[in-house]
Structure formats: structure tokens, C-alpha cells
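So the protein sequences, as listed, match chains F and C.
No gaps in the numbering here: position 52 of the first sequence is 51 in numbering that gives the first Met the number 0, and each next residue is one more.
No gaps in the numbering here: position 160 of the second sequence is 159 in numbering that gives the first Met the number 0, and each next residue is one more.
Source of the hints: derived by calculation from the structure; they are not laboratory data.
Even for Gly, the Cβ is constructed at its ideal location relative to N, Cα and C.
Each hint should be verified, as a subset may be incorrect.
[To be verified] Derived BS3-like pairs: lysine-lysine, alpha-carbon spacing no greater than 30 Å straight-line:
#	chain 1	residue 1	chain 2	residue 2
1	F	165	C	733
2	F	164	C	220
3	F	198	C	671
4	F	124	C	733
5	C	257	F	99
6	F	90	C	298
7	C	499	F	164
8	F	36	C	298
9	C	298	F	124
10	C	182	F	32
11	F	198	C	182
12	C	526	F	165
13	F	197	C	527
14	C	396	F	198
15	C	65	C	256
16	F	124	C	65
17	C	560	F	81
18	F	197	C	682
19	C	256	F	32
20	F	124	C	220
21	F	197	C	396
22	F	124	C	682
23	F	81	C	182
24	C	717	F	198
25	C	671	F	36
26	F	32	C	717
27	F	45	C	527
28	F	124	C	184
29	C	65	F	151
30	F	99	C	298
31	C	526	F	197
32	C	220	F	81
33	C	487	F	164
34	F	164	C	182
35	C	527	F	36
36	C	671	F	45
37	C	527	F	124
[To be verified] Among chain F residues calculated to face chain C with C-beta under 8 Å, some are:
#	residue
38	40
39	108
40	124
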Amino acid sequence: MKKTILFILSITVACGITFYIKKNQSEKFVDIKPQWKTYSINKEEKVVSYNTTQEEFQQARIPAPPDLQDAKKDRAPAAINKFAGRLIREKRVLTGDVNKDLEDEDTELQMHNAINPEWKDNLGKNLIIGQDENTKVLIVEQTPVIEVRDGKGRYMEEVIITFLKKNGNRSSYRAMVDSSSGQILDTWDRTINEQLMKKRGGIILPSNMPFNNDSGIITR
Amino acid sequence: MGKFFWGSKFIRQTFTLSLVSMILASCVPGVGKNVRTRVAASTNGSSVVGINQGRVLLDNPIILSKNPNLSASEDLAKYLSPAVLITTNSFLEGNENCLGPLHCFQVSEVSSAPSALQTPDGKWGFQVQTEEFLQVNTFYHLKKLFDQYFENLNLSFNMFKPDSSAVEGKDSALPSAIIVGDKYKLSNSILNAFTNCDEENNAYYEQSTESLCFGFSGTNKKVRWAHDSTIIYHEAGHYFQKVQLNMRNYGVSDELKKAQLGNHMYTEAGSLGEGLADFYSYYVNGRSHWGEWAAGLVKSSRPMSESDTLHAPGISTSEDQRLSYPDYLTYNPNAASIPVEDIHMSGMIISHYLVALTQDIETKCSMTNKDAREFVMYILNETFAELGDLSSVGTEKGSAGKVNMSSALATTWLYKNNPINYRSFTQTIAKNLLNTIGNPVLGRCNGSDYNQDYIETLLDSYGLLLFKSYNEHRNLTGEPVSTGSPIKRSNTFTKAINRKKSVLIAKTNIMLDPTSGASSAFVIDGKKQIADRLATMKYEGFPLSISPEHEGAPYNNGNSKVSPGEVVAIALNLYNNSNSTMGGIEVLANDWDHADVSTGAPCIMSSASNATDSWPQAAEGGVSGGTCDAISETTSAPVCFVQLNENNSTRWVSQREFREKMALDTNFCLTKTPAGATTNNDKDCFMKAINGADKATFSKLNPKSNWGMTMANPETGKAYSYDWGNVVMFEVSKHIPPGTVFDCRLRVRFTNCDDCFHDSDPTRMNNDYHDRDYNGHKPFKLIHLTIPVTD
Ligand SMILES: [Zn+2]
């Protein structure tokens, strides 16, 4: 009898622990749903957006995401948990002045901004405005972030932005974007081109140097 | 241990590797479904190679043929190697030292390929003109570099790095935290190499998706960049620089952002990046010339030693004829008489220095050239890991705030206030040499040391002995070595006697062109030109923030004056009034600490506070004392103040005060205040430097010359026009009453400046300024632009 009680007790404890760990793990999961989206301006000069097509991936030389790589599916590399060891809150990576307490969502954290579900479209529109006709902007989510500075948090989104021009030119970089406005806060990982025989002197001046200046600017 | 050889260990490892390869080589890999296969052909086909083997171009075709004039249409099959081991994998996937991915890199023809190239029959023999051959050739050279680099990392941690417990006070930037078992935590993704890119005279490294792309030379698409191993090493060199620069950001801190050298425009960081990428070619093949085939065919190959015959007369390896800073910043060996502002060209100064350093260590320490190359690569690992640390800790024994100001401000410091330049880079290299091979206790230079004089003499022959201290402790200089200790952290100083060629120039010598009738600045305000530039900035990835009403520069009138509502670019006509060449001139228009925090009034930068402009007088609105007396890294004001006329007097006031006097609603400011915000975003309500265009750089200024004179083609007497990296840009509110005058207090410095880096304050004794000081005025020459806004 004693043994049976002990057995039931240990099973209960074991299950409890497992459940606890599982619950903890699921809370610490970073919610990331990367979806490449293309933004461009149509003939009516309106910004249009849609899921990036396979042809665009090819033109932009983006290795297509796994669901478009059927052939590779059976030998895709083991998933890399790039968030291993990171502090997580609200299924977002915490950066900045962070500590373990902030993982507990009962720990109060005042926020500078709120998440606007339209942030990506705002970003896409902002980037496509002013571009030549037929230019495309491709955007994909990378990491959802809460950055903490001076005790206050800000929701941000790490993204990859790739531009594709009609003549085949492309440019790509990563950016940290405000989750409310879609404004770019910082960029990095810009493409490094060799481009031999590059044309120089991109600024056209009305007269050549030495300058004739009647700008009115005076200096001290 | 006399010479610091790792011979026996290396031989053991190589033997083990070979054995494993031989065993693996006996297994024929299976061929999967859904992959592209192609029957290999005769000269380099299955019949002439064994399992896992292929034939490759071991160097570029110019070197293999020993013919510098090899025709672009030459049959390269003549220069193939004997059969060599490619990989025992069935796909072109290589190196397993990266934590996370199963392999570090893979090669395919194009990005849309379903996988890395797969062998059809367990062999890698393909005809030299096929796409498959290019992939195999690229794989072979990438693998060579990856294997060598990771072997070097192993040596860096286990052989080169000083044991900090054994050597008092010596510190390393290499983070042990990146080592996990036999793997390194250096990147989250596999590097993809694509060998068939439709890119004329181009190859690129796309950091955002971790891919390399190799194009072709000239208009002849047959000359493929993937046929030239030196190009492959250079591109992969950019990848490894990212690895080196971010070693502490991947391994130690929680940074998501990554550090990068430079941007699309001319910067010294970018220049160092290109020179170092060339050095990667030397690192692998020990040959001091890059790109003879792919770049040479369009007259763009680059030497890395003064002994190279491509160089102009007057350049040699003798001490006084080195490719020295800053004179050779605009030198192009392929067209020596025409100055050019290009990071690939200026980068030759650092590649030449690194090759000369390798050879000097080889000679003075009786090392093999290969061992010396490995040691120099270790020094680069240390140097970049420290300089790129975005968490601001810098080294294993460092603490927050040691480098790059602070984790919150690191990118602002790294790209604007105090970026990596020739001075900070070579100073860190010198420090790392001094701490390791320069330390007599360690006896790593053939039982002795590569001493301070050697370090300084070589740097000086390159004009690069631009620092007075080795700055070992950076921002922690002067602090106790440990809590409560009376001993302060102090730096080693360079010997003035070793500074023979390097010239340090006082900052007063940089000024606006004083020539009578010369312009001081030029305004670019053409509508199309500015609109196109704004679009390009978004395209190239500058973090542009511009108010929506200025998209497309609708109010620009192209009259070369600053008018309400415009977006303008301003080029300063800077002049070097000294008798020596200046290098790395930077103009900053970003916010800085030069206004009283509570009133926003301009601080008087008087001689009492060790500076320079004594502007504005108290009667004209200048204030002193209070927050003006100390520099804080977190408080900053826009560069431009406004002239306010009231009660028969004029004062320089903040844009906020001007707005309040005008009673203009904050909704009309250039930066909008979000609803519910407790403070107004009106500090730059009327005139705002554009983020991403708030910094201008010039490669160099000749003595008694402006940039136009410096860059003039001697045949035409004219320079090509400015590039966008040479200007700063401002957004101008349409609500400014015409006639309003702004004073924008810009900060200017240059790399071989004496008083832009050395703090001559008696308490600081020519140690380097603290990072915090770069948010202030002391390290800079202040230059004012007084801008009338006219219709
Ligand atoms: Zn490069």
C-alpha cells in the first residue's frame, strides 16, 4: 500500500514538473511568422502589396523560404534556435537594459509605444514612396523585440528589406523598426559591392569647381 | 619554447584529418531525388578524377599561366590542377565549425537552385567552361579559407592569446563564450555562395541574407569572377570581417544589431574593410597581389606590396617610399596620375601595412611566412572583436563603457561620433602586438620580443604612428585597477623619437577656404536631384527619417539658396591651411551637447572651457556654466540655432524658443510629436540635419588646398564633382519666415589630427579623449554655417 501511494505520488510530481517545464517553455517561445511581402506603386500611383512571388525571389536573389523549396524540404538543416539563451517577454526578444525579472509579465514595464498591426504596411509605403516606377520593396519579419532603456520599453521589429529595380539592380539590409509607426530606427548589414570602374561625382553642380557661390551662406 | 610553433599539434591534426578523409573517401555518397545532375565531361570529368575529387584552378589563370597578358578567350582547361579532394559530402556544403547550421557555407549556381550542387556520381569533375565547374572551384577555395580561418581561431584561443592569469594586466577581446564544444558561435546562418550572377564588374557580399554573388568582367560574360580564387578570398574576407567585428556581439552580449565597417560612401572604416578583404587573399595564398585575372582584365587589380611592378615610380619597400598615409589615400596604381576617392584604392594602405607587418615578423622572429600570416590574422581577430563590441565591454576583463560609449549609444559612436579610422584601427593593432609578441616575458618572437620600436618604426614608415598612447584601457584609463586599489589603469606611450614620417596636424588648420572670393559652401537644392537622392538613401539603407511633406522635395526651387520647405545638401569648401596632407576629414551635423539643457540656449565655447569659437557672446544669447560646463553623452541639441530679433536686440536661441515666440503649433514642426507625449518634439522644429546624411567625409586635403584642388586631374585641372558622401543634408521647414537666419555649429575633425584625439589637459597627459568627449566640442574644430533662409 505504502509503495502504491509512493508510486502515485512520484508520478504526480513527475507529471507536475513536466507540465511546469512545458508551460514555461511555451511562454518563452518567440512568436515569429516571417512572411515576405512586396510593395510597389501601380499605374494609378497607388501603393499595392502582396505576398512575394517566386519570380521576385529569383530576381532579388533571395534564397526562397523553406515552403517554396519543396525539393529541399526533406533535407533542410535542423532548425537553428537563434533565440536560445535570450530573455523573452510577450513572445518577443528583450534587448537593452534587461534582467531576468522582466521575463515575468507580472513585472510592470511601461511602454513608449503600442503595436500597430499595420506597421509593416506603413514601412512598405514609406520606402516605396519616391522610388522609380517598377521598383519593388520586399520586406520580411525577423525578430520581434522589446528594447528597454531607462526602465521603459519600446516594441520594435527587426526586418530584412530588399529593393529590386527594373534594371535588375538590388540592395538589401536589415533594419530595426518602430512597431507603432513603422519608422526605421536603425539599419545594418548593408550589402557590400565591389563595383569596379564605378562612375564618380554623383552630384551635378550648376558650375564646376572652383565654385561660384551665391548661396548667401556666410561662415565664421 | 623558443619560436612559438604549434608544429607537432598541427601535424597531428592534419594527419588525423587526412586519415578521416581517406576513410570517408571510400564511401560513395548517394544521389538524392529532385536535384540537378549533369554528366561530367572529359578533360575534367569522372574519368579523370577519383571519388570525391575534382580538378580546379589552384590560383587565378594569370598566375597559373605565368602570362600577365593572358587572353580573355584562353582555354582555361590548360591550367587545371591534378585531381584534388573537393568534399566527401554529396553536396557542395562545407566546414562544420559553425554552431547552429550543419555546415558553415554552401555553393550553388543561383539563389533559386533547390540545393547546393550535388555530385551525380560521387565525383566533382566538370568541364572548365561549365557552371558546375565554377561552383566546384568556388567551393574548393571557400573551403580552403574556412578551414584555415577556423584552424586560426583554434590557434588564437589556444596559442596566441596571452594567458591573462599568467600575464598580469594583459587582456584579450576574444570571447571564450563563443566556443561550444568543437564549434564556434559566430553566425546564425549558412553563408550561400552563388557563382552565376549577372553583375558586370561586380561581386558582392549581401550581409542581410548571408550570400556572396560572383559576376563577370567587362562586357565579356566569359570572364567569370568565380574563376579567380583571389576574388573568392576577398569576398569571403568581407564575411569574415563581419564575423571578427561581431565576435562579441554573437557570443557574449544580447545584441541583435551587427557592427559593420563603413557604408556605401567613402569612409575610412570602409577603406579598412576593402584593404583587409584584399589581405584575406594574401592570408590564404601568401601572394601580395589581388585580382590579376578578373579585375586585371579591366585594369583594376591591386597590389599589396610596394615591391609590386604595377606601382608607380618612387614607391618601394624602403622606409621612406612606403605607400604611406595620408598621401596615398587617393592613389590608383592603374592610373597613378589621377586622384580618386575610392575605398578600394585607399584600402591599399592598410593591406600594404599588414603584408609588411607579416614580413617584418617573419624576418625579425625567424618565423615562416605562413606562421606570420596566422599570427597577424590573430591580431586582426583581437582588434576587430574589441572595436566592434556593441555592448561596449570590449575585452574579457573589460566592463560596460570601455569601448563605443555604451550599449545604448554604441552605433551612434561607431558610425558618427567616433568611428573606426586608420588611427584607432592601427592603435588597436599596435596594442595587441605589444601585449603578445611584443611582450618579452612571453618570448614569442624567436625567444625574444617584437619590440615597441619595431612596432612603431613600421607604422611610422606608413605615416600611421598617429597616436601618442597605446590606449590599452580606453575609457577606463585612470580608473583603479580593481575596486579600492590605489593603482590606476595607465597606458603605454609611444616614443616621440619613432615618429619621423607620421605628421600630426593641429585642428586649427582645417578651415573653410580662406582664398579671397572663394566660396565657403555650396547649396544643392535641385528638385529632381534631391528627390532622387532621398529615394536612393532608402534603397541603400540609410536610416532616413524625413517628414512626409518633404518626400520628393516638392518645395525645392533649384536656386542654390536655402528656401523655406526645401531639402538641401550643403558641401563645405574645406581647406587645409597646413603644410602637410590631411587624411580622413569628417564633418558632423548630428546633434551634440552644446546647449543649456533647460533653456536650450547655445553654450559659449570659450577658451576657458578649452575650445574654440567663443560663440555667441552673452549679449547675443550665449550662456555658460550649469550644464554647459560638463559634457554628457546623453544630452544633445541640434546643430542649428536661430536668430531672434526682439526689443531692438538680436539673440541666438534654440528652435524651440523661436517656435514659442512665433506661437507656431508643434504640429507644424519637422518632427511630429506623437499624441499623448509628455514633451514636444520641437527642438529641431525648423532646420533639421537628416539622419543618415548628417555626416560628410573627405578622403584627404593636400597642403594649402581645398578638395577641388586635391582631387584635380592634372591634365584637365578639374576634379570630378562631389559625391553624396561629401555633403550634409538638411530639411528646412516651410513655416520659416523668409529672412530668418540660422547658425549651424558643425564639428570637423581629421584622422592625423593632433588635438582631435589627444587630450592635452594636464590631468589627462595626452591620453586619448574619452568616448563621452566626442559628444562635445573638445576633439573637434567648430565651423559655423550662417544660413539666411530666402525665398
Ligand atoms: Zn570588397
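Self-check item: Numbered hints the structure breaks, given as an ascending list
Solution: Going through the list in order, the structure violates hints 1, 3, 6, 7, 8, 9, 11, 14, 15, 16, 17, 18, 20, 21, 26, 28, 29, 30, 32, 33, 34, 38, 39 and 40 and respects the others.
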